[in-house]
Amino acid sequence: MATPAFEEIADTFEFLEDWEDRYRHVIDMGKSMPPLEDAFRVPATKVDGCASQVWLLPEIEGQGPSATFQFRGASDAMIVSGLIAVLRALYNDVAVADVLRIDAPAELARLGLNDHLSAQRSNGLRAMVERIRLLAAEAAGA
Amino acid sequence: MYNVQTVRKDFPILSREINGKPLVYLDNGASAQKPQAVIDAVTQAYTMEYANVHRGLHTLSTIATEKYEAVRGKLAKFLNAASEDHIVMNSGTTESINLIAYGWAMPRFEPGDEIVLSVMEHHANIVPWHFLRERQGVVLKWVDIDANGDLDPQKVLDAIGPKTRLVAVTHLSNVLGTVVDVKAITEGAHAKGVPVLVDGSQAAVHMPVDVQDIGCDFYAVTGHKLYGPSGSGGIYIRPERQAEMRPFIGGGDMIREVHKDAVTWADPPMKFEAGTPGIVQQIGLGVALEYMMALGMDNIAAHEHHLRDYARARLDGLNWLNVQGQSATKAAVFSFTLNGAAHAHDISTILDKRGIAVRAGQHCAGPLMEHLGVDATCRASFGLYNTVEEVDALVSGLELCHELLS
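Taken in order, these protein sequences are the chains called X and L. Sequential numbering from 1 applies to the first sequence in this note's numbering. Sequential numbering from 1 applies to the second sequence in this note's numbering.
By construction, these hints were calculated from the structure, which means they are not laboratory data. One or more hints might be untrue.
To be verified - According to the in silico footprint, chain X covers these stretches of chain L (three or more CB under 8 Å from chain X):
{"no.": "1", "segment": "344-358"}
{"no.": "2", "segment": "396-405"}
Claimed, not checked - Chain L residues, not near chain X, derived (Cβ > 12 Å throughout):
{"no.": "3", "residue": "ASN19"}
{"no.": "4", "residue": "ASP152"}
{"no.": "5", "residue": "GLY252"}
{"no.": "6", "residue": "GLY275"}
Where a beta carbon is used, it is the ideal one built from N, C-alpha and C, also for glycine.
All chains should be built: construct the whole structure from the sequences, respecting the hints.
Quick look at the structure:
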């Protein structure tokens with residue numbers, strides 16, 4: 001079981017059989033994400049390897065392995081924004097040490113996103129997951 | 001009578017499906033699909049007729065050389081060059097323009113010398129000139145397009161000053177579809193003693209090209225856009241310019257004699273073709289050119305103008321779509337953005353789900369994107385096998401994008 005927030009998405013996706021509805025849902029999640037201020041859209045938060053522009057800002061509460069991992073993010077592309085929202089559901093409020101235990105490809109495959117996103121976007125997804133794991137590993141080791 | 005349904009049967013890939021939908025291939029500006037005749041020629045060459053060219057006296061080398069060299073004549077015929085000796089064969093326009101930058105411009109241009117370019121050039125006709133700017137102080141002078149995306153030849157000529165050594169301009173914008181009057185530019189530039197390089201990578205696909213009528217000094221074409229294999233192409237070089245050029249890439253095939261302390265070059269055009277070339281790709285290109293000439297370039301152009309008019313009318317009906325470039329004489333190339341926050345990548349991702357292939361991004365045209373004030377666009381670029389039904393599929397896909405992304 002993943003986080004309740006992610007399980008909720010997985011439940012919703014079970015009802016959304018056609019890709020247009022899934023895309024619509026992903027896009028809506030992106031639209032309702034908390035915004036990322038322009039001041040945080042800087043090289044340090046930018047994720048390379050995405051076809052569009054992506055920024056991820058970690059907001060970790062606490063110290064050491066039990067600190068709570070959180071992040072905000074943004075993209076100039078709407079579908080990618082939705083993917084960031086999906087990743088927020090997957091990772092937010094998880095202990096930093098547990099972030100590294102999450103099998104992101106397997107969880108995302110449950111949503112069928114691997115089938116529904118182009119290779120370039122999947123690569124973007126991978127780059128985002130790698131950045132999240134790196135941020136969590138740094139926080140856990142601190 | 002041009003029968004597009006018959007033409008489509010020549011292209012096996014067009015009958016496949018993408019994401020469960022019939023492929024609607026509208027990314028011809030990036031690269032075109034290949035007719036069966038080209039695929040067969042490539043297979044035949046590797047199956048029965050392969051050896052290196054220009055080297056062996058054995059039977060296979062002779063066959064490969066004859067087939068490869070015949071393409072030089074086909075390129076000359078396709079571009080109406082006066083002689084096949086005016087054609088240098090290579091991997092396409094990027095290599096061709098680098099050849100001119102390194103072989104012709106670099107040894108001749110002084111600091112402060114100018115190259116006049118339009119803002120709608122492809123990076124292939126920009127970056128080699130940036131090398132000269134960075135390395136030897138050459139100045140790039142940019143000429144703007146008007147609101148419709150047209151390039152006024154007089155503005156290009158007005159940009160020519162006493163230190164201008166070259167005008168380098170596209171014949172057809174890969175982003176806007178604008179057709180440039182390169183003949184008028186060449187006449188005016190030559191009157192001022194300035195040579196002209198034409199990037200024909202897009203134009204030669206969509207319209208008849210006559211380099212003698214244009215009168216330009218250099219005209220580059222790209223095989224993979226001409227329904228031929230990737231890695232094929234060539235450039236027309238006026239003999240006076242060939243005589244001024246030093247070789248660019250050194251190696252086998254381009255030499256007459258090599259000694260420990262001296263080397264002499266082969267005569268042009270071989271002087272500019274080093275190493276084992278793309279033998280089979282080029283043979284495939286020859287077949288592609290024959291294919292296009294058999295259809296007739298005027299017939300292809302007429303078919304594509306029909307597609308352009310139909311697409312323009314249908315896309316104009318979408319009041320939430322911004323089409324970049326409204327030139328009356330443009331080719332069937334449409335770059336667009338959606339009103340609102342939708343990114344070009346969003347649009348192309350959704351269209352792909354409908355089996356529609358378009359390009360999203362900057363289209364290797366950074367200065368033009370800056371001029372237009374957009375980060376990226378989607379581009380639907382049509383070719384000789386596209387249909388009005390595919391225009392309808394595009395419009396339907398865009399309506400879905402509008403619904404999902406607005």
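Taking the hints in turn, this is what the structure says about them:
1. 344-358: holds (count 6)
2. 396-405: Satisfied; 3 residues make the cut.
3. ASN19: Violated: least Cβ distance 8 Å, not greater than 12 Å.
4. ASP152: Holds: least Cβ distance 34 Å, greater than 12 Å.
5. GLY252: holds (38 Å)
6. GLY275: Holds: least Cβ distance 33 Å, greater than 12 Å.
Of the numbered hints given earlier, the model fails hint 3 alone.
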